[in-house]
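Engineer: Given chain C, put chain H in place with the hints provided.
Note that the protein sequences, when read in sequence, are chains C and H. For the first sequence, my numbering assigns the number 10 to the initial residue and increments by one for each residue that follows. For the second sequence, my numbering assigns the number 9 to the initial residue and increments by one for each residue that follows.
The hints are simulated quantities; they were obtained by calculation from the structure and are not laboratory data. Bear in mind that the values here come from a model prediction, so they are computed numbers and not experimental data. Even glycine gets a Cβ: it sits at the ideal position worked out from N, Cα and C. There could be a bad hint or two in this list.
The following label-pair restraints were derived from C-beta to C-beta distances [stated by the list, open to error]:
#1 C:R221 with H:L188: 53 to 61 Å
#2 H:V113 with C:R298: 33 to 41 Å
#3 H:F99 with C:P117: 28 to 36 Å
#4 C:R221 with H:V113: 32 to 40 Å
#5 C:K99 with H:F31: 20 to 28 Å
#6 C:E241 with H:V174: 39 to 47 Å
#7 H:G180 with C:K99: 17 to 25 Å
#8 H:V113 with C:P117: 18 to 26 Å
#9 H:R25 with C:Q37: 41 to 49 Å
#10 H:L257 with C:E194: 24 to 32 Å
#11 H:F31 with C:E185: 40 to 48 Å
#12 C:K30 with H:G180: 54 to 62 Å
#13 H:W208 with C:K25: 42 to 50 Å
#14 C:T17 with H:F99: 32 to 40 Å
In the DSSO-like style, the derived pairs of lysine-lysine whose C-alpha atoms are separated by at most 30 Å in a straight line are [stated by the list, open to error]:
#15 C:K81 with C:K108
#16 C:K100 with H:K27
#17 C:K25 with H:K27
#18 C:K99 with H:K214
#19 C:K139 with C:K193
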Amino acid sequence: MEPIIKVTGLKKSFKKKEAVKGLDFEVQEGEIFGFLGPNGAGKSTTINMICTMLAPSEGSIIINGYDVNRQKDKVRESIGIIFQENTLDKKLTADENLKLHCRFYKVPKEKREQRIQEVLEIVDLVNERKQRVETFSGGMKRRLEIARGLLHYPRVLFLDEPTVGLDPQTRAHLWEYILRLKEKEGITMFLTTHYLDEAEISDRVAIMDQGRIIAIDSPKALKSELGGDIIELETENNVKAEEEISRRFPEAEVTLQDETMYVKVPDSDAFVATIIKELTAPVTRLNIRRPTLNDVFLAFTGRKIGEAEEQGKEGS
Amino acid sequence: MEGILAIWQRDLTKFFRDKARLFGSFTMPILFLLIFGGGMSGTMESMMSAGLGEEAGNFNYVEFVFPGIVAMTLLMTSVFSALSIIEDKDFGYMKEILVSPISRVSIAVGKMAGAATVATIQGVILFLLIPLLGLSYDFTALLQVIPFMFLFACALSGLGLLFASVIRSTQGFQMTVQILVMPMIFLSGALFPVNNMPAWMDVIVKVNPVTYGVDVMKKIMIDVETLSPAVIEAMGLNITVFGRQVTILEEILFILGFAAVLVLLATISFRRANA
Numbered sequence: 010m011e012p013i014i015k016v017t018g019l020k021k022s023f024k025k026k027e028a029v030k031g032l033d034f035e036v037q038e039g040e041i042f043g044f045l046g047p048n049g050a051g052k053s054t055t056i057n058m059i060c061t062m063l064a065p066s067e068g069s070i071i072i073n074g075y076d077v078n079r080q081k082d083k084v085r086e087s088i089g090i091i092f093q094e095n096t097l098d099k100k101l102t103a104d105e106n107l108k109l110h111c112r113f114y115k116v117p118k119e120k121r122e123q124r125i126q127e128v129l130e131i132v133d134l135v136n137e138r139k140q141r142v143e144t145f146s147g148g149m150k151r152r153l154e155i156a157r158g159l160l161h162y163p164r165v166l167f168l169d170e171p172t173v174g175l176d177p178q179t180r181a182h183l184w185e186y187i188l189r190l191k192e193k194e195g196i197t198m199f200l201t202t203h204y205l206d207e208a209e210i211s212d213r214v215a216i217m218d219q220g221r222i223i224a225i226d227s228p229k230a231l232k233s234e235l236g237g238d239i240i241e242l243e244t245e246n247n248v249k250a251e252e253e254i255s256r257r258f259p260e261a262e263v264t265l266q267d268e269t270m271y272v273k274v275p276d277s278d279a280f281v282a283t284i285i286k287e288l289t290a291p292v293t294r295l296n297i298r299r300p301t302l303n304d305v306f307l308a309f310t311g312r313k314i315g316e317a318e319e320q321g322k323e324g325s
Numbered sequence: 009m010e011g012i013l014a015i016w017q018r019d020l021t022k023f024f025r026d027k028a029r030l031f032g033s034f035t036m037p038i039l040f041l042l043i044f045g046g047g048m049s050g051t052m053e054s055m056m057s058a059g060l061g062e063e064a065g066n067f068n069y070v071e072f073v074f075p076g077i078v079a080m081t082l083l084m085t086s087v088f089s090a091l092s093i094i095e096d097k098d099f100g101y102m103k104e105i106l107v108s109p110i111s112r113v114s115i116a117v118g119k120m121a122g123a124a125t126v127a128t129i130q131g132v133i134l135f136l137l138i139p140l141l142g143l144s145y146d147f148t149a150l151l152q153v154i155p156f157m158f159l160f161a162c163a164l165s166g167l168g169l170l171f172a173s174v175i176r177s178t179q180g181f182q183m184t185v186q187i188l189v190m191p192m193i194f195l196s197g198a199l200f201p202v203n204n205m206p207a208w209m210d211v212i213v214k215v216n217p218v219t220y221g222v223d224v225m226k227k228i229m230i231d232v233e234t235l236s237p238a239v240i241e242a243m244g245l246n247i248t249v250f251g252r253q254v255t256i257l258e259e260i261l262f263i264l265g266f267a268a269v270l271v272l273l274a275t276i277s278f279r280r281a282n283a
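Only chain C is shown next, with the shape it has when bound in the complex (with noise of 0.2 Å):
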């Protein structure tokens, strides 16, 4: 099957710096996928130009058949976006807002009545249709925003970190009317998230950092392929700790991070056993758990990806 959307050698350097430096990746028509990096890693960047914002300075993207650089307007009918900051007009009500957007995309008039209705089924704001957008709260805004991403039946929709700046139980919500989207519609979603737990929820997950793709599969796979568990160790001396650790399992990973020992190994059973019995150094916290793609991360840059945003800040 042809993807819906293919990016070859993308590149796009602004005046100092080269934020993109050559991607090649597809999504397939269904799936969900997710681009997880640190702020300033370029995902921004990327679906800027994906989205007909931003031309890129080298290389090709085709979404549905259209190539973004020649076929703007061909590409812009098949994409819905949902951007980071809120774009609702504030002054008008959630009916307004969609109306317009209906004839922004030339649906049909006497389909729109159907589809406003239907979209705001999907998103529970029904009741709120003829309410000014200024009084919706923020949770409610971004559901009316992706209720307007639909209305065209885009073939893919992008979600641009979509529940910053939302509380928890929002964000919650949000993914659960984001899954039941893709049950209902079978729409593609290409969703950007520094949140990782967020990124779970993605069929194929393509890990950005500093410009350059450095891993794209399942989250699933990502993780078995750092294979066993992650054993969270912290010891009265981390260094003396490393050293026998290593000794003792040769196969064992370990990475150290402030005050915290990584330990990868493929059976915790036994490695929790032993440890406990013959480190000389007395353990003063120990946290077996599955690997989450934080570790992948950590794994593919040796940082973490809060660190990494930080370091991105100092050099911005």
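Structural biologist: Chain H in isolation, oriented as in the chain C frame:
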């Protein structure tokens, strides 16, 4: 076309919803009408009709200045309406417009038409003051001038679009517009004739598009045929460019061309925009 209408309608809806702006926008022209039409009309009249001798009685300053003040209202409202573009950028809505498949020309035309419609409505509302000022214009002349007012307002809002596309901040836009709008009014013949200007100022008068807009409005509204050449001269209604007197048709074509060029420039700026 649908896109143009949508953008146009949105700006109109927002204009009528914003009551403060609706009323606020009338204060300036009414203030000017009070000052020039009421308070200063005697002084202005005697100054301007000084050379007319016995014909001085045929010179009515209020009749002269009223179209000028309507033109001024058009100018202010049209140019300031372009502020909506900067607001749309600030509040993110411009992104919604720019990622949609609407052609960039439609965005420019829609925005221009929206601002021009608002301005024309305001100008027409000022017509209600005509009886209060003791004036009487020919009713058909008033109907004839409305389409031109719209065209003129289109050209002026195009100017606003151009400013809005280069200036990013609301404050910067207001500053620039204020600095530009005042000389454009004073050097247009809207409030007093501009026929005896020093050479360098005359150049500004002749390149100022408002000059021709005001002139056309005055020629349509004021019953020029019944006036003697001397009065027409005193009112400054005989603009000459390179020693040749311009006709009303040439003036209308100039405004039309001006509007077209500005739509083109605005389209280019929307094409480049990465809001």
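Engineer: Are the hints correct? Go through all of them and say.
Structural biologist: Hints, verified against the model:
In this structure the hint that R221 (chain C) and L188 (chain H) lie 53 to 61 Å apart at CB is violated, the actual value being about 48 Å. Hint check: V113 (chain H) to R298 (chain C), Cβ distance near 57 Å, so the stated range 33 to 41 Å is violated. Between F99 (chain H) and P117 (chain C) the Cβ separation comes to about 29 Å, which falls inside the hinted range of 28 to 36 Å. Checked against the hint of 32 to 40 Å, the C-beta distance between R221 (chain C) and V113 (chain H) comes to roughly 38 Å, which is consistent with it.
Separated by about 22 Å at the C-beta atoms, K99 (chain C) and F31 (chain H) satisfy the suggested range of 20 to 28 Å. Distance hint check: the CB atoms of E241 (chain C) and V174 (chain H) are about 55 Å apart, inconsistent with the given range 39 to 47 Å. Against the hinted window of 17 to 25 Å, the Cβ-Cβ separation of G180 (chain H) and K99 (chain C) comes to about 23 Å, which satisfies the hint. A beta carbon spacing of about 23 Å between V113 (chain H) and P117 (chain C) agrees with the range 18 to 26 Å that was offered as a hint.
Judged by the Cβ atoms, the range 41 to 49 Å given for R25 (chain H) and Q37 (chain C) holds: they are separated by roughly 45 Å. Between L257 (chain H) and E194 (chain C) the beta carbon distance is about 58 Å. The supplied range of 24 to 32 Å is therefore violated. In this structure, F31 (chain H) and E185 (chain C) meet the distance hint of 40 to 48 Å, their C-beta atoms being roughly 46 Å apart. Hint check: K30 (chain C) to G180 (chain H), Cβ distance near 35 Å, so the stated range 54 to 62 Å is violated.
Restraint check, W208 (chain H) to K25 (chain C): a C-beta distance of roughly 44 Å satisfies the suggested window 42 to 50 Å. The beta-carbon spacing between T17 (chain C) and F99 (chain H), approximately 35 Å, falls within the hinted interval of 32 to 40 Å. Proposed proximity of K81 (chain C) and K108 (chain C) is supported: the alpha carbons are some 23 Å apart, at most 30 Å. The straight-line distance between the Cα atoms of K100 (chain C) and K27 (chain H) is roughly 12 Å, inside the 30 Å bound, and the hint therefore holds.
As the CA atoms of K25 (chain C) and K27 (chain H) are separated by approximately 47 Å, the hinted pair breaks the 30 Å bound. Restraint check for K99 (chain C) and K214 (chain H): not satisfied, since their Cα atoms lie roughly 43 Å apart, outside the 30 Å limit. Distance check on the hinted pair: K139 (chain C) and K193 (chain C) sit about 26 Å apart at the alpha-carbon level, within 30 Å; holds.
This entry does not satisfy hints 1, 2, 6, 10, 12, 17, 18, going by the numbered hints stated previously.
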